[in-house]
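> Per the numbering used here, residue 1 is the first one in the sequence shown, and the count goes up by one each step.
Read the hints as simulated data drawn from the structure, not as lab findings. Here the structure is a predicted model, which means the values were calculated and not measured. Every residue, glycine too, gets a C-beta built ideally from N, C-alpha and C. One thing to keep in mind: the hints can contain errors.
Stated by the list, open to error - Each pair of labels, with its calculated beta carbon distance range:
1. Pro86 to Glu49: 28 to 36 angstroms
2. Thr277 to Asn27: 50 to 58 angstroms
3. Asn27 to Leu179: 27 to 35 angstroms
4. Arg301 to Glu49: 30 to 38 angstroms
5. Pro153 to Val532: 55 to 63 angstroms
6. Thr642 to Arg301: 49 to 57 angstroms
7. Gly622 to Thr512: 44 to 52 angstroms
8. Thr512 to Leu179: 45 to 53 angstroms
9. Ala726 to Ala619: 17 to 25 angstroms
10. Pro705 to Asp681: 17 to 25 angstroms
11. Ala110 to Arg31: 24 to 32 angstroms
12. Pro153 to Leu202: 37 to 45 angstroms
13. Met5 to Ala281: 55 to 63 angstroms
14. Glu697 to Asp630: 25 to 33 angstroms
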Amino acid sequence: MDADMRPIASVVIPLYQRADLTEGCLNALERVGLDGIELVMVDNACTDETPQLLDAWSDRLTVIRNETNLGFAAGCNQGARAATGPIVIFLNNDTEVHEGWLEPLLAAVADDRVGVAGSRLLYPTGRVQHAGMAVMPGCVLVHIHRYAPGDHPVVTRTRDLTVVTGACMAIRRERFLELRGFDEGYRNGYEDTDLCMRLASLGLVARYCGDSVITHLESASPGRLDSDHLNGALFRRRWGGCEPDLDRLLAEDGLSDLAPPGLIWRGPLLDASPEATAGRAAMADLAAHGMRPAVLENPMRPCVPGIGHDLKTLAAVNRLYLSRGPARVLHHLVPGGPAAWGAPGADLVAIVGPGAGVPDALAPDTRAVIALGAAHGQQYPLVSIDSEPIGIADALDFVLGPMAERPDGIGFWGPAVGPSPAAATGRALIASVASSGRPVRCVASDAEDADPPAPLGAIGPQDFLPEVWIASGPPLGRDGGAEWDRLTMAVGGLVVGRPWTYAAEWPSSWTTALRAARELWVASRMHRDALVADGLDPARVAVVPEPLDTHLFRPLERATEGTPITFLCVCRPGWGGGCDLALRAFVDEFGADEPVKLRLVAEGTDSAQIESDVLGVLAAMGRDPADTPDIDLVAAGPSLPTLATAYREADAVVSVPRLDAFGNGVMRALASGVPIIACADGHHGHLVDSRGGLAVELAARPKIPWRRGGDVAEPNGLHGLEVSIASLRQRMRELADDPFAARRGALFTVSAATDFAGAEAVARVIDRRLDGLHVGRAATLRVAA
1 MDADMRPIAS VVIPLYQRAD LTEGCLNALE RVGLDGIELV MVDNACTDET PQLLDAWSDR
61 LTVIRNETNL GFAAGCNQGA RAATGPIVIF LNNDTEVHEG WLEPLLAAVA DDRVGVAGSR
121 LLYPTGRVQH AGMAVMPGCV LVHIHRYAPG DHPVVTRTRD LTVVTGACMA IRRERFLELR
181 GFDEGYRNGY EDTDLCMRLA SLGLVARYCG DSVITHLESA SPGRLDSDHL NGALFRRRWG
241 GCEPDLDRLL AEDGLSDLAP PGLIWRGPLL DASPEATAGR AAMADLAAHG MRPAVLENPM
301 RPCVPGIGHD LKTLAAVNRL YLSRGPARVL HHLVPGGPAA WGAPGADLVA IVGPGAGVPD
361 ALAPDTRAVI ALGAAHGQQY PLVSIDSEPI GIADALDFVL GPMAERPDGI GFWGPAVGPS
421 PAAATGRALI ASVASSGRPV RCVASDAEDA DPPAPLGAIG PQDFLPEVWI ASGPPLGRDG
481 GAEWDRLTMA VGGLVVGRPW TYAAEWPSSW TTALRAAREL WVASRMHRDA LVADGLDPAR
541 VAVVPEPLDT HLFRPLERAT EGTPITFLCV CRPGWGGGCD LALRAFVDEF GADEPVKLRL
601 VAEGTDSAQI ESDVLGVLAA MGRDPADTPD IDLVAAGPSL PTLATAYREA DAVVSVPRLD
661 AFGNGVMRAL ASGVPIIACA DGHHGHLVDS RGGLAVELAA RPKIPWRRGG DVAEPNGLHG
721 LEVSIASLRQ RMRELADDPF AARRGALFTV SAATDFAGAE AVARVIDRRL DGLHVGRAAT
781 LRVAA
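Could you put the whole structure together from the sequences, leaning on the hints where they help?
Written out as structure tokens, the structure is:
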């Protein structure tokens, strides 16, 4: 290009490592021609061969070198400021342009209605990577027609959208600078879509140019996706009210009424192999029978031009990524194919390609195998269709007919794999849902802190987007952000809130979030009554207690004659756990020579912490530890079986926490047939009666005296429950005087606990609640005539 001639456009390419990709990108640009093009390269502190490559091209480039990696947004902004062309085209270095790529982009941004223009991006296999983007409910952005044939008529035409990707994006330089460029608050993600939304707010469109073609490897730069969850949260906070356009765009392409897939086809489909030919015939058969197939094909498998242009195949390609709901997976196994494609799951149906026997890679518990022209005699249940006398759909009817439809799956978000009591509660709830046959998609919010993570058991496949999510935990995050809203915007669907607060009431800051949830599940009547008193609709607040393992927590006959009377107190350390209340009452009521024992078990701390707490209480009381009744300190973190044994061996359980999220102590004691000494105003107080429990009077509702580390679950202004020391002493004395009578009475409460919080009982409650919530789209994805 003549040095005195102003370029028609400047191509800005931000770089971080991968000199091999940059070289391929530059070679492709040179191959199609650089006349009128200015190349601006932004080196974000590359430490590989990139600097040497740029030196070799120095006569054709403008190079900006940064001492640190400033990220995509800052690098592009630098390049745009240094550019001299009227049009700036941002181009990723993992792209290779095709002949004729430039002119459609320049023509598009010459239109005053167009804010930005983007290209048709293809994987090296010829499949679609980008044909424009759509907005789903909840401000979730998706690529439409991803993995479809790259030459399909719906992706080769030009259309106006709201969002296109920044892998190749053209914009007038003056307009870009007026908008102050990409928002540098993002970190290597969402900068491009945020820019499109800002342009849309000005009434400008994003033009997708189907005749500008580029090959794109996608997200090849190191660390590209490291901050995607934070970027997505920022984007949805800013643009969460945007209007969804997915359904409209699909309808324009001849598709409408997106619905969850009835089954997923996993295997070759869009190449010229006999297996893919059989796959397309099977897909057509499935669609004709209304089975709503979705295709999950290896996107790196080459796509042969001219194949898969029918709308039924296009619908199947889109359905998997743009819809929600679990589906059975049909593995289309091919001779010599990867073993993993046929390995997982008892609920899988495998379809074997022509000429293939049933492979050894199949799991022994595979539900059924349909063999097309295959030899058989293996150990798996088999329907053989040697010469295809019937279609795939009819064969599936034969295999699946006796099986009940798998219930709709749900999502769980919250603590689930860590050591905390909240995570244990989450695991118990997940197990109850899974026991009903519903698959559970688990997103554990404590995954980073769990080392090692606790096992979740068999919760089913994780490759689906549920329509209903159970959000367990505070609706507001530590930063004050609406945590449940973030979940909704990230995954869509309905949110059932499972809020828990250690206080006896609900923070006023939660009111808006609690009212917005479709339904609320709380652990006890105490918290339900508090929510209803605050004006929430009683029909939308359900008591769903923590599922209780009644195989562990069950009665055990124990002779107490001649042994110390043992009071068990399981609590958290500190003021909220109420350990000091039990300790004060015990030490004040009983003499050092009486045959009684207080066993203190603290969850979530070490033995040194609980010993320090006990010594501190005794010192405040002016009592010598050597002149007190027997106090047994148990190290923290006992396993559930060990804890269950401690309950069964106790003569009574003292459960008097000031702050309590779930009321586990009461339920475990009742299920174990052990007398309970507890506050009748607390969790499950209605189950503490004269037969199996001794109710303690409430002395005060003390204000919580601290706000821990910005944790909005316990802000100042909330109150706990504090029992009367005098009443607690009286109840402990009554039990010590006649432990046998109290224990006999407690055995009558076992059935009440099991019926209320036993795992099977809770599973039935959850099943009923989920059935009432189900709003699955009845419509199917129809192919327009």
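> Starting from the hint list further up, note which numbers the structure goes against and sort them upward.
2, 8, 12
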